[in-house]
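Asks: As a plain string of letters, each chain reads:
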Amino acid sequence: MSFRTRLLISFGVVVLIPLLVFGLGIRSAMSRRVTGEYERRVSALVDVIRGDIARENDRSATRLAALRGSLVGDSKFRAMVLRGEDSAYVLDYASDAMRLAGLGYLQIQDDEGRVVSSGHFRNEFGRLGPAIPPGGPTLVRGTAAEGAFLALVTSDTLSVARKPFRLVGGIVVDSAFVQRLARDPELGVGLRLPRDSTAADSAALIVGDVTLPYVDAADGPGSVEQGRIVVTRSAALLTALQRNVNLWFAAAVLVAALAALLLAGWLSTRISTPVEARIAIGDLARQVNHDIKNGLAPLRNVFRHLAQVAREQPGDLPRVFTERHGTVESSINYLETLAANYAKLSPQSERKATDVNAVVRETIGGSSAVRAKLAEGLPPVSADALVLRRVIENLVSNAVDSLDGKNGTVTVTTERGKGMVRIAVSDTGRGMTKTELDRAFNDFYTTKLGGTGLGLSIVRRLVLDSNGSLSVDTEPGKGSTFIVEIPAQ
Amino acid sequence: MPARRILLIACLSVAGCAHPRVGAPGGPGGPGAPGQVEVPEDKCLLSTGSVATHTVTVTIGLTDAVDPRHAPLGRNDAERIVFRHLYETPVRIDCDGHAVPELFDQWTKDDAGRRWTFRLRDGAQFWDGAPVTAQDVVFGRGGIGYTLSAPPPAPDTRAVTVTLAKETNDVPIVLGDRSLTVTKSAPDTSWPIGTGRFWATSGTTTAQEIRAHSPQGDTIVFKFATSGDARDLLDAGVDLLVTRDRALRDYGATLQNRTVVALPWDRTYVFVSGSAEATRFDAGGLEQAVHAEARRAEGDFWWRDLRACGIARDTAPPAPTTKRILYARADQAGRELAGRLAALTHAVATGRAPDDFSAALAGGKDWGYVVALPRVTADACRSARDLLPSWPATFTALVDTRATAIVRRGVARWTVDQDGTVHLAP
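So the sequences go chain by chain: A and B. Everything in the first sequence is counted per our numbering, starting at 1 for the first residue and increasing by one. Everything in the second sequence is counted per our numbering, starting at 1 for the first residue and increasing by one.
One should not assume that every hint holds.
[What the hints assert, rightly or not] Simulated restraints on C-beta separations: (1) A:Arg162 - B:Arg246: 30 to 38 Å; (2) B:Ser227 - A:Arg55: 17 to 25 Å; (3) A:Ala88 - B:Thr315: 23 to 31 Å; (4) A:Glu37 - B:Ser227: 57 to 65 Å; (5) B:Arg246 - A:Ala79: 14 to 22 Å; (6) B:Leu255 - A:Gly136: 49 to 57 Å; (7) A:Ser159 - B:Arg246: 52 to 60 Å; (8) B:Asp67 - A:Ser95: 40 to 48 Å.
[What the hints assert, rightly or not] Anything over 12 Å on all C-beta distances counts as not near chain A; from chain B, calculated: (9) Ala207; (10) His213; (11) Gly228; (12) Arg313; (13) Ala342.
Don't read these hints as lab results, they were simulated from the structure. Positions of the beta carbon are idealized from the N, C-alpha and C atoms, including for glycine.
All chains should be modelled from the sequences, with the hints used to inform the complete structure.
Replies: Right, here's the structure in full:
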């Protein structure tokens, strides 16, 4: 991961995490604020509904009281009670009275609770009417000929000719009535009654309610249960609100993140370019150091050999010099070419027909520690001789180093393959573990004291640049074999 | 008033309501024959007091709509009254169930009462002046249990032979069935051309009234209750108003010079259901449930035995999914009874327009139907075919109802037929 990448990620994390925390905080605060506001509105609406219900109940009670007075003084009704006369008058009484009183539900019940006269359904006489609790308002599911309907009723009692009667009256609770209760346009009002499957509305959330006694008298007197007038808010509305908040929040985060990344990019460019340049120069310096050392090593060997001969056998010095003259020349050429390539900063290898055996011989020179097993009649390979030499030098150097100064052998073998020439550099050194092998080709990985860790990575790069391949066969304690395959020309 | 005039009017009244009597076997008879009028029975005449003067214009109030396209088979009380004055059947069935002359005024019987020969009355003609022939009566008509034909080989244009499946000594009342009303279509008017004494055309028909005229210059004005309150008709001075509304009846009773006359029980409400469970409403207070004058249904109902009609009722409709009772929306008593039944059975009552109600009854997909049937009928098979469903049904008679006639005293003589229709006495 490059320095620039690390810088960008760090900067992004440093900017985005506070931004996210800030945004979530705002969102949470908004949610609390909105919820609190809703709860206040719901509470106010519930109070209004309670007030409306109480007012309607008072009105109905007032009208029933007026009817009670009228009924007590009605001689025809009294005659019916005492003598059963003119039952048609009684049957029609509640119908007329209900209309005059402005009610939508009216029953006159006898002491058994049977309907003596019904305003909303004349022909339900004789049935048991709803047994509603005295006092406050009650929701009643009553019946008419055309079906059931809901009413908000109250009751009153009276006595005619010493016979007790009960008046049950009120108003019809229909959709218009419920609509009138809903004063807040963003809050709905509905009914939730026992066994009323039609009231289920999954799209609305119940946020408040007013409970009332409820009697289902559609199929008989019924019993007192509990009904609810509920305040709802649309789940769809809330979902839409949350979606909008989330959308805007995500947009804000994205914009902030983009701005942060752009800023980070600009800053990283300003900061990282000199650093990376210094790193690159360091890499180059290590590379140059390594290559020069490789070029100087043969010269130092030749020079030490000549010094030894001059000291011990001065007479042989001309002969030995002549023998080692080639090695000196070759190393100097190598260094000159190396210098020329570095001078270009981007050295371009020059591929041409190259004799592998010649390069091997030239590289290992007269080293007594390295043995060569070179196959005869190898085809030339398409490679830069200098590149090939650098490869072999690096591999031989590593192989010698792996002996750790102990007795062992380093062997360079060449052989002909199928359409290629194989060069194997084997040693009987300490070999590599799997972990070491996995990291052996990484830059700057080394097990040698004072090593640069660039040798094998350079070898691999050079082999690949020559369209060749590099493989390793190694075993800890037994040695390693690096195999280079270069395409034949 | 001169005594002679009163006597003359009384005699005419008696003659008008006389029952036909079968003549001697093998010979012509009937009250239409001059010199053979028997002592009349005037029990079908409405008792409204003596007719003091001859009135050339009579006004009848109508509380229902009248559609000429329904002629000659009336669907409500108003149409029945109007059509009764405009159109004629071969004979008329009086309130006692006896045949009295109308288009036919003489008849003889043969083959022990299995074959009857009727003669058209002299001068019988359509409104356009064309004489009524036997073919006009016979063509396209007939029913279960009888056939109509003109006697071969040389058809007498004035004689019609009725052959019965079962012999009878009385004049077959099937000839009084409204389906045998003689009419012909008129291309320039919505009213079919009839043979009655009074005629009407689209030119005499408005949204407010129908004017029917006779060749003698008499006029009947049928007035509609356009204000929506039938009491306005009484206040406007109509001579006859037939109603089933007790409130209207009570109002009529408070007016001077008006007589309130209860008409025969003419309609029976029946609960028709395909439900297998026996449905009885004996203690249901059904008579109290309706505003019309009602009593517990009684009698030997014509729909109980229809085996002779050969109507197969073997395809049961599918069982209803909801407990719903249907009624014809325009029928107030039907609506009230359906409501009462709904209260007793925890069902739901639903009204339908008349045509929709008939279609629903024919389909039989609902739990029950409140149907108004005529208490008596001249042709039970025809009534069964027209009014009853063709699926296996249970018929539970609920109540009988009847209408009330509110009549101005001393203006005209009114009589009532077996089907409860009031009309001017002939």
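Asks: Could you run down the list of hints and mark each one as holding or not?
Replies: Tested hints:
1. A:Arg162 - B:Arg246: 30 to 38 Å: holds, 31 Å
2. B:Ser227 - A:Arg55: 17 to 25 Å: violated, 39 Å
3. A:Ala88 - B:Thr315: 23 to 31 Å: violated, 42 Å
4. A:Glu37 - B:Ser227: 57 to 65 Å: Since the Cβ atoms of Glu37 of chain A and Ser227 of chain B sit about 58 Å apart, the hinted range of 57 to 65 Å holds.
5. B:Arg246 - A:Ala79: 14 to 22 Å: holds, 18 Å
6. B:Leu255 - A:Gly136: 49 to 57 Å: Since Leu255 of chain B and Gly136 of chain A have Cβ atoms about 50 Å apart, the given range 49 to 57 Å holds.
7. A:Ser159 - B:Arg246: 52 to 60 Å: violated, 30 Å
8. B:Asp67 - A:Ser95: 40 to 48 Å: Distance hint for Asp67 of chain B, Ser95 of chain A is violated at roughly 32 Å.
9. Ala207: holds, 30 Å
10. His213: holds, 42 Å
11. Gly228: holds, 17 Å
12. Arg313: holds, 29 Å
13. Ala342: violated, 5 Å
In this structure, the hints that do not hold are numbers 2, 3, 7, 8, 13, in rising order.
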